[in-house]
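Peer 1: Chain by chain, the residues:
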Amino acid sequence: MEFPVHTSPYGQLPNNVTRLMGQVLLALVPGIIALVYYFGWGVIINICIAVATALAAEAGVLHLRKRPIIPTLMDLSAVVTAVLLAIALPPLLPWWMTVLGVLFAIVMVKHLYGGLGYNPFNPAMAAYVLLLVSFPLSMTRWLPPEMLNQYPLDFLQSLAIIFGGQFPDNLTWDAITSATPLDEMRTQLEMHQTISELSQSPLWGDFGGQGWEWIGNWFLIGGLFLLWRKVISWHIPVAMIAGLLLSAGIFWMIDPESMPSPAFHLFSGGMLLGAFFIATDPVTASTTPRGRIIYGFLIGVTVYIIRTWGGYPDAVAFAVLLMNMAAPTIDYYTKPKVFGAREDEDG
Amino acid sequence: MITRNPGRLDFHGGIHRPDRKSLSAGKFLGKVPLPEILTLPLQQHIGSAAEPTVTAGEHVCKGQIIARTTEYIGAPIHAPTSGTVLGIEERPVPHPSGLNAPCILLQTDGKDAWGELPEPLPHYADLDPSLLRERIRWAGIVGLGGAAFPTSVKLNHGPDRPIQTLVINGAECEPYITCDDLLMRKQADRIMEGVKILLHVVEARECLIGIEDNKPEAITAMQQAVAESGLEHVQVVQVASRYPMGGEKQLIKVLTGKEVPSHGIPAEIGVTCINVATAAAIADAIIAGRPLLSRLVTVTGEGIANPGNLEVAFGTSLSQVITHASGLTSLAYKLILGGPMMGFTLDNDKVPVTKGTNCLLLASKEEAPDPDKALPCIRCGKCVEVCPAQLLPQQLYWHARAKDLDKTREYNLFDCIECGCCSWVCPSHIPLVQYYRFAKTETWAMEKEKQQAEEARRRHEARTERLERLERERKARLRQKKEALEKKAARGAADPKKTAIEAAMKRVAEKKARQARENEEN
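Residue numbers (our numbering), protein chains in the order written: chain A, 1 to 347; chain B, 1 to 522.
Any given hint could turn out to be false.
With a cut-off of at most 30 Å between alpha-carbon atoms, the simulated DSS-like pairs for lysine-lysine come out as follows [what the hints assert, rightly or not]: (1) K350/B / K407/B; (2) K407/B / K337/A; (3) K335/A / K186/B; (4) K403/B / K66/A; (5) K403/B / K450/B.
Here chain B is said to cover these stretches of chain A; the calculated rule only asks that three of the stretch's residues, wherever they fall, bring their Cβ under 8 Å from a Cβ of chain B [said to hold, decoys possible]: (6) 7-19; (7) 285-291; (8) 331-341.
Keep in mind the hints are simulated off the structure, nothing from the lab.
For every residue, glycine included, the Cβ atom is placed at its ideal position computed from N, Cα and C.
Start from the sequences, fold in the hints, and give me the full structure.
Peer 2: Right under this line is the structure:
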């Protein structure tokens, strides 16, 4: 009898990339439902546009690169990139901007560097930054959360705005959009308002922005699911949150009237989404245990610095990209001590 | 007693996977009958291959040495039974390459007649350890846990490395394998006898016997044997069932809290680690004066009709072992030698059982599916989490793939124990260990080449120097001659040749003058 041969280990391997990416998508569901609840149909439409574009773009590139198409699409990494970008975008962003962003993410940032596993930068965040820098106005046109929204839009109305720029009745952008809590905070602080005056604003929730704080919570729950399933390790999210809370805490204690509280920072913007879903992208993050702590911590600190003194209201994307650049160096200097490392060696 | 550091009594990483030991655990299926022909590879151990001491046609007795080596790291091979040597030929051997290697073919005569054996040493406690080591070496004993490293070499730790702790490895962490488990359950006394001998040989102060907690019967049996021995410094320690607990460095860490130094051996931290089956073989060699001729082998998996453990004489073909375990089932799909984590597949069952053969796994397609195509590494770091050597497998992979051998060494390639945990958890299904083996082999080849180049350079330089020296000497001689000639020329008469010529010419001239005179007179 002839037996087939291959190398060890033998057995049903417990992990595969599709399952990992699938669990990431699953973990995003609560946060996405919250986003849809607070910001309407636009979120879903964005996700659909982004996923369709990502799959088509990846299939096209794979065809050009003469790589297997279906098996690669099945790894779901392009879908994850698309969804992460889509939920970071304003809900009524013109469709072609979403398409442009996704094309940039998949073609330029991912495949021009060699595809899955080889890209030095987080594709979703690079695309987000591209759009933010290119279309600052559109990229900051957020809607007010559900409880403050005087003109809720139904599915078809959202579709009409996204695809045709057609507003219902006599609405305009100015009527339906609203600043995000982070943006509002920034503008008002620049106008020398104090935090206690600001917290009277209807945009203000219990500890973060109205609505936003709950979205953050749901992403946090998804993130805890990923930790429990061991899809991600605790190092990056914990260090990133610690980095932000520590920086915010120090300045808040010095001047609570002009520095927002750590809780506000944590539950605003893309912080929790970023901590559990974006900074943890394994391809572009640091991979050593100590390195991940440094990497996460520096992202947290950078987010605070840019939010407080930089030119943009939120900063997760910038901070992540900056640390992507530093990741190889961080890895190099944080090699773990090998088993039985001798005292006089670094290991 | 050695003070232990309880905080460190664990090793990093490792994996849990269903151990499937219940298929064969505790089942002894007896001895496989001696086949007509035994195929005995000359290389059954780590180190240099043995050289045959018999020739075709020669009759040999059971227990007679038929191959030996003069190299330090090596082990002799004995005839597992009496019979006639048919020849020494290339035959398929149990090796992942599937290549042939020289084997002694022994036709058994069915008499199983023992030859002359050395005297038993029941009073070993009065003997010098070196004498016992010599006996262990004679008996051809190698590590029976699978690595097959010559045991006498391991026991020769040298006077500058005293051993405090003897670790007896009964962890048997590979899934499916149960031969050590069975041995501990049924022959705990024999193992204890070996432990006593080992304690005397290495002069250790204490002995820790590590057994995974998935073998409660073995633990009980060993505890009883220890209690009966009355040795207070021997202790059975139940360890967690986590692969690769039975790795030498891992077990030592868990039992003693000490880490074997990187690139080092256990003796450097005063520990030596011996497998339970090896200890039993040592007892046979010392107490009964018998060499290592057979071993317990686990035959298991969904592909075998009657899984269990068998006593198999070395040289018996795997097909005979399979037959004795009631043959294959329709599910048999892969033949794996060793466990599912570190073993290797064979394409046929016509190879012999050797000293390192601990398990034959006849796996079904479900137990050992064909591997998926590997995807790119996504740097998820799962391999880092499970690596018991605390390496960065993904970085090693990266550099091994790029054939950057210097970098792989910088990332401690040679601390990799090839346990396969990284490959097991890799979501991209990259055969990581394969890459490390490749990088190791390449490094060895390169080093050999470098050594050869160095040797060649040295030889070339020696030759050039020799030629130059000869040339110098020749020139020196010529110069001396020339100088001598010149001196003689200066002194003139001093030259005998010249004197002779002058004398001859003088004589000729005198003769001529005389003749002229005579002519005138006539």
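Peer 1: Hint by hint, note whether the structure agrees.
Peer 2: Against the structure, the hints:
no. : hint            : result
1   : K350/B / K407/B : 40 Å, violated
2   : K407/B / K337/A : 16 Å, holds
3   : K335/A / K186/B : 46 Å, violated
4   : K403/B / K66/A  : 25 Å, holds
5   : K403/B / K450/B : 17 Å, holds
6   : 7-19            : holds (count 12)
7   : 285-291         : holds (count 4)
8   : 331-341         : holds (count 8)
Going down the numbered hints, you'll see the structure goes against 1 and 3, while the others check out.
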